[in-house]
Structure formats: C-alpha cells, structure tokens
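Engineer: Sequence:
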Amino acid sequence: MNNFSSKSLMRLLLVVLVCMTMTLVAVAQSTTDGAISGTVADVQGAVVPNASVTVRNIGTNAQQTVTTDGSGYFHVLHLQPAAYEVTAGQKGFASFKATNVVVNVGSTTELSPRLSPAGSAEVVEVVGQTPQINTTSAEFATGVDETQIKNLPINGGRWSNFVLLTPAVVSDSNGFGLV
70 MNNFSSKSLM RLLLVVLVCM TMTLVAVAQS TTDGAISGTV ADVQGAVVPN ASVTVRNIGT
130 NAQQTVTTDG SGYFHVLHLQ PAAYEVTAGQ KGFASFKATN VVVNVGSTTE LSPRLSPAGS
190 AEVVEVVGQT PQINTTSAEF ATGVDETQIK NLPINGGRWS NFVLLTPAVV SDSNGFGLV
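One rule links them: number in my numbering = place in the sequence shown (from 1) + 69.
Keep in mind the hints are simulated off the structure, nothing from the lab. A quick note: this is a predicted structure, and the numbers were derived from the prediction, not measured. All the given hints hold, so there is nothing to weed out.
Label-pair distances were calculated between CB atoms; the ranges are:
id : residue 1 : residue 2 : range
1  : T90       : E215      : 38 to 44 Å
2  : L82       : T129      : 43 to 49 Å
3  : N220      : L83       : 47 to 53 Å
4  : I127      : Q217      : 18 to 24 Å
Pairs of lysine to aspartate or glutamate, DMTMM-like flavour, derived with a Cα cap of 20 Å:
id : residue 1 : residue 2
5  : K166      : E179
6  : K166      : D111
7  : K166      : E154
8  : K160      : D111
9  : K160      : D138
For glycine and all other residues, C-beta sits at the position ideal for the given N, C-alpha and C.
Turn these sequences into a full structure, and let the hints steer you where they fit.
Structural biologist: Following this line, the structure appears as structure tokens:
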C-alpha cells in the first residue's frame, strides 16, 4: 500500500509540474504587445556591459529602463505598439539616442546602439527607420493598418468580411456582425 501511494504521489507531482510549465509558456507569449532588444557596443564593435537603456513611449511618456548584461544585450518587454525613443549610455561614453523606433504587435524590434567615446560631442539621432524584418525568431504576427484594410479585395470594405476568410471563424447567428 505504501508503494502505491508513493507512485500516485509521484504521478501527481509530475502532472503539477507539467501544468506549471505549460502555464509559464502561455504567459510568456503575448499577441497584444511587442519588445525592443539589441546589443550595445562601442564604435569599434566591442560590447558595452552594464549600459543603461531607457525606452520611452513618445505618445504617453511611459518609460522603462534596463541594464545590459555582460554581453551588452538588452531586452525590453511588454511595450504597447507605438513609436518609442531609445537612449543608451554608459560612463565614459557619449549617449546614443534613437527616436521614432516603431514597436509592432507580437514582434521584437531590433536596435543596435553604438556608443562613441565621451570626449566626442556628437549625438547620434535616428529619425527614420527601414521596415523591420524579424530574422531572429519564429514570430509570425503581423500588423495590419487602416490602409491595408481599405485595400483588401472584400465585399463592402468591412473588416468583418475579411475575418470570415480565416479558417474556423463563423459569423454570429444572430446577425449582429459579431464573429
């Protein structure tokens, strides 16, 4: 009897462990926000550890500050889709500033700040940005803006007509346009 109860206890603990692991994986995925990440380096390409990186939402002024790890890498999570200003700095280096860094839903925007020596009075300000192509992860979420929706080949130009083309999506049986 004692052997049976220890086997049952081990099975129960295994089930709990698997459930907790699955919960953590589900929480880590988000389809409503994005992130900014990259590696801070000097002008010669050497990484800058313990650099301070501040990400500020231009529209709301909300900001997050992180510190780079030993390899100069930073990752700022849970950012609402918007345009951001990113500043990076470290003692002995001039600060780096990039404005209009766009964060999209479900994707990570890569940015690689380069810090010049402190004696330099030059401030680098990035105001334009090329389209972001995610080459580092298997994320597949794409943002669809108003112009893209208007240009869709659908009847009546309503987004709900386009949504109905998605597999397993059906129209509300009450006819109120809900899906």
